[in-house]
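Visitor: Sequence:
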Amino acid sequence: MSTLNSLIPVARFVPPSELLSRWAWVDLGHDAFALYALRQQLIQALIGSTHDPSTSFQDNPPKHTWVTAALHALFDTNARIVNDTVQVYLEVFHALFKHFRKCDLAQDHPGYTLFTGWIHHPSVSTWISMYFDECQNNNLALVPLLVCLNDITKITKLCHTGELYPNETRTALGLLDDHIQKICSLWQHTSISVVRRSLEIISRSLRCPMSVGKVQIILDQLLAWKEQLQEHLTTDDFWTLLSPERTEFFYERIGNGKMAVDRECVKLVVRQDMSDLQLLEVILEIYGSNDEDAVNLQLDVLQMLKNLDDRNEVDSFKQSFKDILEATSPNRLFLCFCQRTGMDHELLVDLLLSNETDFLIFFVNYLKHLEHNAEDFVNICCDILEQDIREAVGMLHCLIHVLQAGGFPYNPSYLIHRVKLVLKLIQDAAVRQGRL
114 MSTLNSLIPV
124 ARFVPPSELL
134 SRWAWVDLGH
144 DAFALYALRQ
154 QLIQALIGST
164 HDPSTSFQDN
174 PPKHTWVTAA
184 LHALFDTNAR
194 IVNDTVQVYL
204 EVFHALFKHF
214 RKCDLAQDHP
224 GYTLFTGWIH
234 HPSVSTWISM
244 YFDECQNNNL
254 ALVPLLVCLN
264 DITKITKLCH
274 TGELYPNETR
284 TALGLLDDHI
294 QKICSLWQHT
304 SISVVRRSLE
314 IISRSLRCPM
324 SVGKVQIILD
334 QLLAWKEQLQ
344 EHLTTDDFWT
354 LLSPERTEFF
364 YERIGNGKMA
374 VDRECVKLVV
384 RQDMSDLQLL
394 EVILEIYGSN
404 DEDAVNLQLD
414 VLQMLKNLDD
424 RNEVDSFKQS
434 FKDILEATSP
444 NRLFLCFCQR
454 TGMDHELLVD
464 LLLSNETDFL
474 IFFVNYLKHL
484 EHNAEDFVNI
494 CCDILEQDIR
504 EAVGMLHCLI
514 HVLQAGGFPY
524 NPSYLIHRVK
534 LVLKLIQDAA
544 VRQGRL
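Sequential numbering from 114 applies to the sequence shown in the numbering used here.
Careful: at least some of the hints might be erroneous.
[To be verified] The list that follows gives simulated cross-link-like pairs (lysine to aspartate or glutamate, EDC-like), each with its CA atoms no further than 20 Å apart:
| # | residue 1 | residue 2 |
| --- | --- | --- |
| 1 | K211 | D291 |
| 2 | K295 | D333 |
| 3 | K215 | D422 |
| 4 | K533 | E469 |
| 5 | K295 | D350 |
| 6 | K270 | E313 |
| 7 | K537 | E504 |
| 8 | K211 | D221 |
| 9 | K215 | E504 |
| 10 | K327 | D350 |
| 11 | K371 | E340 |
| 12 | K267 | E247 |
| 13 | K371 | D349 |
| 14 | K371 | E405 |
| 15 | K267 | D406 |
| 16 | K295 | D221 |
| 17 | K215 | E281 |
| 18 | K267 | E313 |
| 19 | K270 | D422 |
| 20 | K295 | D217 |
| 21 | K270 | D457 |
| 22 | K339 | E313 |
| 23 | K533 | E459 |
| 24 | K267 | E484 |
| 25 | K533 | E504 |
| 26 | K267 | E469 |
| 27 | K267 | D413 |
Rather than coming from a laboratory, the hints here were simulated on the basis of the structure.
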């Protein structure tokens, strides 16, 4: 029977395609260096020579065959679920999932075989449950599975957004739904890596279609997590986590080491005994240091309001969430964001020129929202933020001048029209209120 010792020379001296076809499905042992070498060789064989996203994979059947065989070996519920060999395969899968996304989810990519093979495998849900059960006291073993589940969530979200592979999207969402409660329970784990990744999975899952029952499970788990934070996290601890010096590499053990929390985790913190301005301060302290996060937050709030507006007016679910969003309305978030940057139109210009965020999408949608909420804009600007309305008006005037000067990688005519329209509505509202 093949052994680890027979695999190492194969991995070193044969071409990648032969490595995959000659691979022996055996326990790889516990030698950390040997495991690392084999993992790197597998990744090289699967994606190492295909960094060009335009590369076709149709002439690489060994890759697809190996992936299919690897899934069958991994999801064998009669074998040992958690060991070093399983960790190697999960890490290889992560690299393949990541490369699949870079290649725009191409159907001839072996990552597609991995994605569809994973979500459709008859034993996968049972295997995941068994894996979680066996990893209760093994922090390191939990992380590779959570990373792969996060990869699947990312791919599913891309498929949903791009309207790709609808059948696979539904199957993947169903698989994730089966394990939502267990993933949420990991928010109270002692390992910060486990906590972060379980939060990421749920955060991305919520951006895809989900039943009300599953949303309720998440809300219940979120409240339970909040109660634990209230019990163990002091106010000083909380603000320490938000300190600019505390990067994502710093975290706190709380509750006598029973929980772990950091700046990234606090992004899901729920409101508790805070005024509207305090809540805004916390939110912008968490999200404001990163343009992409700040833009995505504002875009998400706009989308949530739109979704709520589509619901029945007497819907209690709608009213509850509208009350929550009142303190973080689009106007509040946008004006606080601008205030923190000195009401500087140049920042808006930079964001409109950048392709690194979705600011253009957000700004167009925000201007549409503002057309119907100009009075609210004036009230927040003058009363809550204690900003002279002239500063906000001046910022928008300067933005129009820059847009009219040209130099944008798109035609800004529509944007100019929208900004002029809302500017007039804001000025009219300010005059009615005696602010101008």
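Visitor: State for each hint whether it applies.
Guide: How the hints compare with the structure:
1. K211 - D291: Violated, at roughly 23 Å.
2. K295 - D333: It holds: about 13 Å lies between the C-alpha atoms, which stays within 20 Å.
3. K215 - D422: 35 Å, violated
4. K533 - E469: Violated: K533 and E469 sit about 26 Å apart, past 20 Å.
5. K295 - D350: 27 Å, violated
6. K270 - E313: Measuring from Cα to Cα gives roughly 12 Å; hence the hint holds.
7. K537 - E504: Holds, at about 15 Å.
8. K211 - D221: Given pair K211, D221 holds - Cα atoms ~15 Å apart, limit 20 Å.
9. K215 - E504: 43 Å, violated
10. K327 - D350: This hinted pair is violated, its Cα atoms lying about 32 Å apart.
11. K371 - E340: 14 Å, holds
12. K267 - E247: Not OK: K267 and E247 at ~25 Å, beyond 20 Å, violated.
13. K371 - D349: 19 Å, holds
14. K371 - E405: Violated, at roughly 32 Å.
15. K267 - D406: 17 Å, holds
16. K295 - D221: 33 Å, violated
17. K215 - E281: Given pair K215, E281 holds - Cα atoms ~19 Å apart, limit 20 Å.
18. K267 - E313: 10 Å, holds
19. K270 - D422: 23 Å, violated
20. K295 - D217: Violated - the C-alpha atoms of D217 and K295 are around 30 Å apart, more than 20 Å.
21. K270 - D457: At roughly 34 Å apart (the allowed maximum being 20 Å), D457 and K270 break the hint.
22. K339 - E313: 17 Å, holds
23. K533 - E459: 17 Å, holds
24. K267 - E484: Not OK: K267 and E484 at ~34 Å, beyond 20 Å, violated.
25. K533 - E504: 16 Å, holds
26. K267 - E469: Holds, at about 18 Å.
27. K267 - D413: 17 Å, holds
Consistency note: the structure conflicts with the earlier hints numbered 1, 3, 4, 5, 9, 10, 12, 14, 16, 19, 20, 21 and 24.
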